[in-house]
Each structure stands twice: as C-alpha cells, then as structure tokens.
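**Q** Sequence:
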Amino acid sequence: MGSSSDFLFSNNLSGTMKNTENLVVVHLSATAVYVVIGNVVSAKDIRILGVGQVKNSDFYQGQIKHRERLQGAIKQAIQEAEDTANCRVHSVWLTLATPELSSKNSAGDVRVEDDVVRAKDMVQALSNAKSRDLSSDYYLMHCCQQGIYVDEQDFMVDDAIEMMAHNITVMYHMMMMPVSSRQNIQKLLQSCDVGIDHIVFDAVTSAEYSLMSDERQQGVCLVDIGASTTSICVYKENKLIFTHCIATGSHEVTMDISADFGISMIEAEKLKKTHGTVDVNSVDPSSFFIFKPQGTNDEINIGVYNLARIIEARYIQIFTEVARQLHDADLIGYIDKGIVLTGGGSVIKGMIPFAKKLLKMPVVLTNTHPAISAYNHFDNDESFKQLNIQVNDRAYQTAFGTLLYSQSEQFRRSEKSEPEAIQKNRVTGVFQSAGQRFASVLKKIL
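All residue numbers for the sequence shown refer to the working numbering, where the first residue is 41 and numbers rise by one.
Treat the hints as calculated values from the structure; they're not laboratory data. No experiment lies behind these values; they were computed from the predicted model shown. Take these hints with a grain of salt, some might be off.
Heads up, simulated DMTMM-like pairs for lysine to aspartate or glutamate below, C-alpha to C-alpha not over 20 angstroms straight-line [unchecked claim]:
#1 LYS105 / GLU140
#2 LYS160 / ASP191
#3 LYS84 / GLU449
#4 LYS144 / ASP368
#5 LYS377 / ASP254
#6 LYS95 / GLU108
#7 LYS400 / ASP368
Using the sequences and the hints, build the whole thing.
**A** Here's what the structure looks like:
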C-alpha cells in the first residue's frame, strides 16, 4: 500500500505546497468515474487542484460490468485530473457503493498488559472484532471506531492510549464486502497503474460533506440516492451506527419512464429532468405537453400528472425501503434531525415536500461545504473559472467528502486500530463522549 499522499507535483506547484498533504480520490458511480486531486491544508481548508469526469455505466450496483471500458474511463478521468493539476497520480482513495455491503456494529475485548493501554492493544481489539464478526469470504472494506469502554465504566472515551486500565472494549461499525469483489476492484485499479490507499463506503464520505456536527450529535440519517443504488448511514452522538446500500436508484425511474412511454433512455432522462416532478400534488391533472421522439415524425401527448405518478411510484419504493431498514434496526426514534438527502437522484423537482409527507419527519437537501474551494495555480483566468464551476458541481460531492473524511477525527481514531498504528504510535488527548445514552443504542443494535 502506497502513501496516502504518494503522487508527484511538478515544480511550479511543489514550491507553494510545503507542509500540506496531497490526496487523490477516485469515485466509481453508475454514470461516471470522478477523480479529484486536492491539497489538504487543514480540515477547514481543502484546495482542489484538478478534477476529472468521464461518463461510463460499467460500474453498476457495485459490480464491474465491462472491465476494459471501465478501465479506460478510470485512466481517462485520472489523466484529466492530472492535466488540470499538473501532477502525476500513483495512489488513490477509492469511494464506492455496493449492495453487497454487509455492515455490523462489533466489539473487540482486550486484556491490557502492564495496565497501560498501548497502540498494540487497539490493534488487537480490531483483530478480535474481526475474528468475531468477519467471515473468511468477506473483506473489511471500511471500519469506523465508535468509542472505547475502559474497565467497568458505563461511558465511552474516544482515545484510551496511555490510560491506566485492566481491560478495554473497543466498539466499531464494520462495513464489509465479498473478498472476490474487493480483489476484482484492486486488480482493476492496478491495471490503471495506481494503488489503493483506502476503500471507503460512499455514504460515509457523502456524510462528511453533507452533515453538520449538531445533526450527527442529535441523530440524523443521510440518504444518498445515486443512479443504481441508494446508500444510507445513521449517526447518533457523533458515532456512525448504521449503514446499508439498496440496489435501487434514480436509473430505475428513467427506465420506468422509458418503458411507459416507449421512448429511449436518453429521452426519458431528459423528460424526467425537464418536465418531471415527484410531488404529484403540485401538478395540474389537466396539463399536457407534446413530445417528439428523435428519429421519428411521431408526436406523443404526455400528461404531466401521469409522468409524475410514474416518478412517484419508484421513489415511494426507494423511501419505503429506507424507512423499513431504519425501522428494522430500531433507529426511527434516534434520528431527531431527520433525513439529509444527497446524490443526483435527490435533486428532482418536488423532492422535499414529497419526502417530508411520506416519511413524516424533517427532510433537507445538502448544501455546498465551505472547506472546499478551487485553487488558482493556473496562468490564465479561464482555467481557474472552469475549475471553480466544477468544484460547485454536485456530482463531485462524494469525492470531496472523501478528502474531508481523510482529515476527520472519525478517521484518525479508526486508524489507531490498524496494524500501522503500532509503528506510528501516535498519542492524542482523551475526549469523553456523552456515551451513556448511546451505549444503550449500541447494545440494542448489537
């Protein structure tokens, strides 16, 4: 595994980027490959140097559908980002969604030698948790530490290293994928001449971009509606406690429109964006428009209400499944701040009133993140203007969220359970969480 900042900047950039971290993110989606190159000054200052976007539909519902075409798209997107940032990429953070995701809240118990918690104890805790809950045919794709119980305390701490203790129990949220799928993705990226530093579930990185600290504290569910999947994650008291990925997204909405009106997928997508709404209550049932399919002289008389009902039906299915997942996990009562929507499938007209009425809870759309900005390293204004436009494109939010996640306390705490932590042996302060109420939530879910 390469360094997380393992790529080279050309001379005209390197002199201005000392003492900062440079990261590359590849986001695989069902509609495109996105690549972002960012200079991380701090968690509150991430400067985007270059981006790449190549349309491709060969990564669908977490599966590689056509390896050669997808490989070409990844290479091209990386090349676009390299050219904009004037650098060469060697390793990346990879973010994706897959319905193969299996997630679980787990715990690792460790008896502490010499009564002082060391880095090796944290590493052993994760190893014990994996032995307990990770089957041989699954790979731990992504793991978030929730907190640490020290001895018989009934609250958790965030960092126990150097604390006096006889025993510790480290709580984790583990996100797993089949070993075979992980191997296929790793080989795919290697064929593109880049290594993988980390694989992260895209709902978690989207959450890093989308959620405010008070939302995570009070309890919130992020719903990321993509083209082929809908990803869910739930936070309570700043802890990730639930993740899931549904094998349905906005692409199915387009398919429904295409089938009902007998038009192409491209035309159906255009129809959805220009005339579609998911809020049937906002539509005049007597309203119609004429649609002319390309390549024919035919005219189709389309009722706006009928179109809305087609769209509504699929979104009802998606949100009903989201609600079922939350209900089955007994989490409805813990998401006081309701639902935050993100992803391309969430921006259709009428989404907020529709979702509020259906779910009977607060629903909001995500906003842009203030820490993300375009960095002007160009010798002409037009290039910077173009990068600025791309930085404000919602399509890149998951990739930008990955950059933010790399600087988060969540990631830094979780890193201490990785084997590399024994060598790094970084010691940070101890921060107590208001963990008593959260502990009861975990015990209920486990």
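**Q** If a hint holds in the structure, say so; if it does not, say that too.
**A** Going through the hints against the structure:
1. LYS105 / GLU140: Holds - the C-alpha atoms of GLU140 and LYS105 are around 15 angstroms apart, at most 20 angstroms.
2. LYS160 / ASP191: Satisfied, since the Cα-Cα distance of roughly 17 angstroms is no more than 20 angstroms.
3. LYS84 / GLU449: OK: LYS84 and GLU449 at ~13 angstroms, within 20 angstroms.
4. LYS144 / ASP368: 14 angstroms, holds
5. LYS377 / ASP254: Given pair LYS377, ASP254 holds - Cα atoms ~9 angstroms apart, limit 20 angstroms.
6. LYS95 / GLU108: 14 angstroms, holds
7. LYS400 / ASP368: Cα-Cα ~17 angstroms, so holds.
No hint from the list above goes unmet by this structure.
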